[in-house]
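Please build the complete structure, drawing on both the sequences and the hints.
Residue numbers (our numbering), protein chains in the order written: chain A, 35 to 251; chain B, 35 to 251.
Derived from the structure by calculation, the hints contain no laboratory data. Predicted model only: the values in this text are computed from it and were never measured. Each statement offered as a hint is correct.
Partial list, computed: chain B residues near chain A (C-beta under 7 angstroms):
1. F90
2. E105
3. A108
4. H126
5. A129
6. A133
7. F136
8. L139
9. N140
10. T141
11. P144
12. W161
13. R183
In silico EDC-like pairs for lysine to aspartate or glutamate, Cα to Cα no more than 20 angstroms straight-line:
14. B:K159 - A:D158
15. A:K209 - A:D148
16. A:K159 - B:E156
17. A:K209 - A:E179
18. B:K50 - B:D215
19. A:K159 - B:D170
20. B:K80 - B:E97
21. B:K209 - B:D170
22. A:K159 - A:D148
23. B:K159 - A:D171
24. B:K159 - A:E156
25. A:K80 - B:D171
26. B:K159 - A:D148
All residues carry an ideal CB built from backbone N, CA and C; glycine is no exception.
Number of protein chains: 2
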Amino acid sequence: MTPTITAFENSPDRGKGLARDMRVRWALEEVGEPYEVRLLSFAAMKEPAHLALHPFGQIPTYEEDGLALFETGAIVFHIAERHAGLLPDERHARARAIAWMFAALNTVEPPIFDRSIAMIVERDKPWQAERQPMLDDRVRQRLGELSARLGDADWLDGAFSAGDLLMVTVLMRAKGSGMLDDYPNLSAYVARAEARPAFQRAFAAQLAVFTGGVQAG
Amino acid sequence: MTPTITAFENSPDRGKGLARDMRVRWALEEVGEPYEVRLLSFAAMKEPAHLALHPFGQIPTYEEDGLALFETGAIVFHIAERHAGLLPDERHARARAIAWMFAALNTVEPPIFDRSIAMIVERDKPWQAERQPMLDDRVRQRLGELSARLGDADWLDGAFSAGDLLMVTVLMRAKGSGMLDDYPNLSAYVARAEARPAFQRAFAAQLAVFTGGVQAG
Numbered sequence: 035m036t037p038t039i040t041a042f043e044n045s046p047d048r049g050k051g052l053a054r055d056m057r058v059r060w061a062l063e064e065v066g067e068p069y070e071v072r073l074l075s076f077a078a079m080k081e082p083a084h085l086a087l088h089p090f091g092q093i094p095t096y097e098e099d100g101l102a103l104f105e106t107g108a109i110v111f112h113i114a115e116r117h118a119g120l121l122p123d124e125r126h127a128r129a130r131a132i133a134w135m136f137a138a139l140n141t142v143e144p145p146i147f148d149r150s151i152a153m154i155v156e157r158d159k160p161w162q163a164e165r166q167p168m169l170d171d172r173v174r175q176r177l178g179e180l181s182a183r184l185g186d187a188d189w190l191d192g193a194f195s196a197g198d199l200l201m202v203t204v205l206m207r208a209k210g211s212g213m214l215d216d217y218p219n220l221s222a223y224v225a226r227a228e229a230r231p232a233f234q235r236a237f238a239a240q241l242a243v244f245t246g247g248v249q250a251g
Numbered sequence: 035m036t037p038t039i040t041a042f043e044n045s046p047d048r049g050k051g052l053a054r055d056m057r058v059r060w061a062l063e064e065v066g067e068p069y070e071v072r073l074l075s076f077a078a079m080k081e082p083a084h085l086a087l088h089p090f091g092q093i094p095t096y097e098e099d100g101l102a103l104f105e106t107g108a109i110v111f112h113i114a115e116r117h118a119g120l121l122p123d124e125r126h127a128r129a130r131a132i133a134w135m136f137a138a139l140n141t142v143e144p145p146i147f148d149r150s151i152a153m154i155v156e157r158d159k160p161w162q163a164e165r166q167p168m169l170d171d172r173v174r175q176r177l178g179e180l181s182a183r184l185g186d187a188d189w190l191d192g193a194f195s196a197g198d199l200l201m202v203t204v205l206m207r208a209k210g211s212g213m214l215d216d217y218p219n220l221s222a223y224v225a226r227a228e229a230r231p232a233f234q235r236a237f238a239a240q241l242a243v244f245t246g247g248v249q250a251g
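What follows is the structure, given as structure tokens:
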């Protein structure tokens, strides 16, 4: 049964790959699984029908054969567990790839997300100029640590994994800040991921929502 | 082989269960697996030997039989996968429990962590009073959504799972704010978890670091 995911009818980034459905689309493209997309307005995301699928009223969700999932980390993991290509077979390597999935979402994403939200919500506040260096430093601390660990490797731990997939989508949120440019190996890491055919198919699919290729269901 | 975890030699909370080793200790106690603890100073956490285990220089880590893991979500999942008691056997229920693990760490924890950090780091800043309601609202939004989903159930989805374990440790960080008191079902949920014998053993073990029961290795 073809899974159905949900995505923004009007993504705030207008299809630049920053909405979280990008993670799920990319994972599905990596493993070659077709999927359907149901587009939602911001109002629909807070209605009971969607809250039944996603307790926090967000996108994406994932529905397949009686199973309803939310949280991109969990959806990507579910896809990775059921298909080859996103998690190593070897037991220890698999556990380490899962550690990078959680690291992307629980350690690297929060300061990047915080900074980007503050720059929107608190842009006109009198304290923003003084707080900005602190927000930047928090992002730089994580980018510096990640850069040191990646070194000159192609991926975080051996072959490309779901850990890299999530980490790259998190780093994509920092690209607009210019901060990623200070870490050439991280910039190259993101570029290497974006060059993957599966990434490009997923990116094109979510961009098409804005360029007229997809109609709201 | 008995796993070894790392923990703070001097936890900022002085053993009140808020340091992240609590999550791993609790999971190990739930499944009945003995473990060793190696205590680390803040300086040691940033040294190369520890950074080799944990790229972000934090605690806890988990070492066992040639495997080194970081990130509490990944460590708890590793424990849950290898023992009965923390993840349902049924395929769909298992995927949903994993969704709650990610939800705890990627959706509920960030605003709670943000608020607690701002109250320490920005306590004396002139803007703190004006920012506080915004920080509170972000926490309340998530608590309200979680409370609505939990309803009058004992646990988030059927039997107690690793998803509940992580969610409760995240909510414990909000207890001090008093905000949890506005959601009686969430307060009862945390109390229900804290009454579990495995929680109590884990709590006592991390408190003993401060009351003299454990020496730094």
